[in-house]
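*Asks:* Each protein sequence line maps, in turn, to chains X and L.
Residue 253 in the UniProt record's numbering sits at position 253 of the first sequence; the count goes up by one each step and never skips.
Residue 203 in the UniProt record's numbering sits at position 203 of the second sequence; the count goes up by one each step and never skips.
These are calculated hints, taken from the structure and not from any lab test.
Hints may be right or wrong, so weigh each one.
[As the list claims (entries may be wrong)] Straight-line alpha carbon distances no greater than 30 Å define the calculated DSS-like cross-link-like pairs of lysine-lysine that follow: (1) X:LYS111 <-> X:LYS30; (2) X:LYS83 <-> L:LYS138; (3) L:LYS138 <-> X:LYS75; (4) X:LYS136 <-> L:LYS211; (5) X:LYS83 <-> X:LYS114; (6) X:LYS114 <-> L:LYS45; (7) L:LYS211 <-> X:LYS75; (8) L:LYS188 <-> X:LYS136; (9) L:LYS211 <-> X:LYS111; (10) X:LYS75 <-> X:LYS114; (11) X:LYS108 <-> L:LYS138; (12) X:LYS120 <-> L:LYS138.
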Amino acid sequence: MIRLEGITKHYDTGSRRVTALSGIDLAVAKGEIFGVIGHSGAGKSTLLRSINLLERPTSGRVIVDGTDLTALGTKQLQEQRRKIGMIFQHFNLLSSATVEDNIAFPLKLAKTPKADIRRKVSELLELTGLTEHRFKYPSQLSGGQKQRVGIARALAADPQVLLCDEATSALDPQTTNSILSLLLDINERFGLTIVLITHEMHVIRSICDRVAVIHEGTLVEQGRVVDVFLKPQHPVTLEFVEQVSDPVELPPAADLAARLLKITFLGERTYEPILSKAVQATGVTFSILQGTISKLKQVPYGQLVVKLEGDGAAIERTIETLRADGLDVEVA
Amino acid sequence: MDFSQVSWPEIGQATLDTLDMLGLSALFTFLVGLPLGIVLYLTSKGALLQNRPFYAAVSLVINVLRSFPFVILMIAVIPLTRLLVGTSLGVRGSIPPLVIAAAPFFARLVETSLREVDRGVIEAAQSMGASYRQIVWKVLLPESLPGLLAGITITTVTLVSYTAMSGLIGGGGLGDLAIRYGYQRFEKEVMIVTVVILIALVQILQMIGDKLVQRFSRR
Ligand SMILES: Nc1ncnc2c1ncn2[C@@H]1O[C@H](COP(=O)(O)OP(=O)(O)OP(=O)(O)O)[C@@H](O)[C@H]1O
Ligand SMILES: [Mg+2]
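Same shape as in the complex, but just chain X (with noise of 0.2 Å):
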C-alpha cells in the first residue's frame, strides 16, 4: 500500500546541514497498522510527513496505492492526498469551525454535494462517539474528545490510509488507551492502512502488526511487532521494549544440578499448564526466577525464567518436552 524507496532529507539551516532520513527504504501492507517508534529527533515526523510529502525529501521514491506522489504536480498531488487522512499530536482542529464543520471540512474542500456531507457526518459522529458534542467548538472539549474529532475528520473522505503523528502523545493513559481502541476498531472494519509513529512502546504492544525502529534518521530494525518485542536486536529497541515490560533476563549458569531457562508463550498457549505437565512427566523441580505475562495487540504472550532442579537427564527431557511443544526456550 505505501512503500518508501531511499527516502533521504537533509534540512539545511544556515551553513549547518541536519540529515534528518537516510536511506530509508519500508513496505506497508494494505490493511495492517504499521508503528515507528524512536526517541525524539530521531526523524519520526518527517517520515511519516514525507508519506504524504508534506516534507518533500530531498531524495527517493513515495509511493502510495500505486502512485509515486515524488512524480506528481501540484494539483495532482492535492487530488492523492485526499486518499492519506492523517491526525496529529496536537490535534489542528479548526478553532472557528464546530465540530461538525470540522469533520464537514474535507468534504467541503472536495465540493461534495451538501446531502452527502450531512449523511457522512452523522455517521462519523456517531462512529466516534460525539454526537452530542456537534455544535461545540473544540475549545469547549477535552484532549481526547479533540483527538476524536480529528480522527473523524481524517476519515471523512474515505481514505485507503490514516497517518497519525503522535496522535496519543499529549493524552492520558487511560484517553490514550480509548484513541488506541477506536483506531483499532476502524482499522478492522473498514481494513484502513494505519501508519502511527510514536515514543511509546505502549502504543506499538496494543496496536500495531508490524514496527520499525528508527534512530539518528536510519531504520535500525523492523520487523512483526511479536518478534521485535520478544527478540530485540538493536539497543535502542531493547530500551523501548524495557518501557513497558522488565527485561526477562536469563542469567548465566549457576551450578551443575540445575539449569536456567528462558522460556517465551505465545497466543492461547500462554495461558496452559505446559510446563507444570512437563515437569510432572519427568519429575524434575522448577522455581521460577523471574517472568511476565501480557498482551501484543490481542494476543497474549509470556516470558518466564525458570530454574530447573534434579536429575540431568530428567532435565534435558524436560526442555525437550517443552520445545515439542511448540515454545520457545533458550537454555543458559
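With chain X held as given, fit chain L with the ligands onto it using these hints.
*Replies:* For chain L with the ligands alone, coordinates are given in the frame of chain X:
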C-alpha cells in the same frame, strides 16, 4: 461660552461629510489592504509561497508610506489625487490620501493576524489536499477573523483622526469646520462641538469592534 451662535445645520452637514469620507475611505482601505496583507503573509519567510525578494520589495514600499506623517503625505499625493478623482478638495479629494495612508497600515495588521493562525491547522488542511486558495479562504481568514476585526476597528478609528486632519487641505467634514471656525475665527464653541462628536464617533466604533471581536472569538 455661547453655543447659541453655533450653526447646527453646518455641523450636521460636516458630520455627514465626515461619515461619508470615513465610510468610503475605510471601504477602499480594506479592499486594498486585505489582499496586500494576505500577499505579505503568504510570501513571508516560512509561509506557503515564500518569496524573499518580493516580500522585501512590498515591505519597503509599505514602510515608506507608513513613515510619512499624514499631513505631509496628504499634500505630497495631491497630483495623484487629481489624477484619480479629478479634484483634491472635498470628500472625494480626501479619499485617495486617506486610503494611501491607511491601507499599508491595515495590511500590516492583516499580516500580523494571519501569522497568529496555528501552522498545524494549515498543515492539516494541506494534508487534506486543500489548494492555496482554499487555505486562504477556508482556513486563514476564518481562523484569524477576531484579529482581522480588531485590525478593522483600529484602522477605522485611525481613519477618523485622519479625516479630521484632511480638513487642513480643504477636505471638508468636521476637521475642516473646526479649522475654519475654531482656529481661524476663534469660535471655540464650534471646536468643542466637533471634538465631542469625534470622540463619540470613536467610542461607538470601538464598542462595535470590541463586540464583534468577542462574538467571533473561539479560543
Ligand atoms: N524544518 C526543519 N528545519 C531544520 N531541521 C529540522 C526541521 N524539521 C526537523 N528537523 C530536524 O530533523 C531531525 C528529525 O526531526 P523530527 O521532527 O522528524 O523528529 P521526531 O522523531 O519527530 O522527534 P519528536 O519525537 O521530538 O517529534 C531533528 O534533528 C530536527 O531537529
Ligand atoms: Mg515529531
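*Asks:* Hints the structure violates: just list their numbers, smallest first.
*Replies:* Violated hints (numbers, rising): 6, 7, 8 and 9; every other hint is consistent with the structure.
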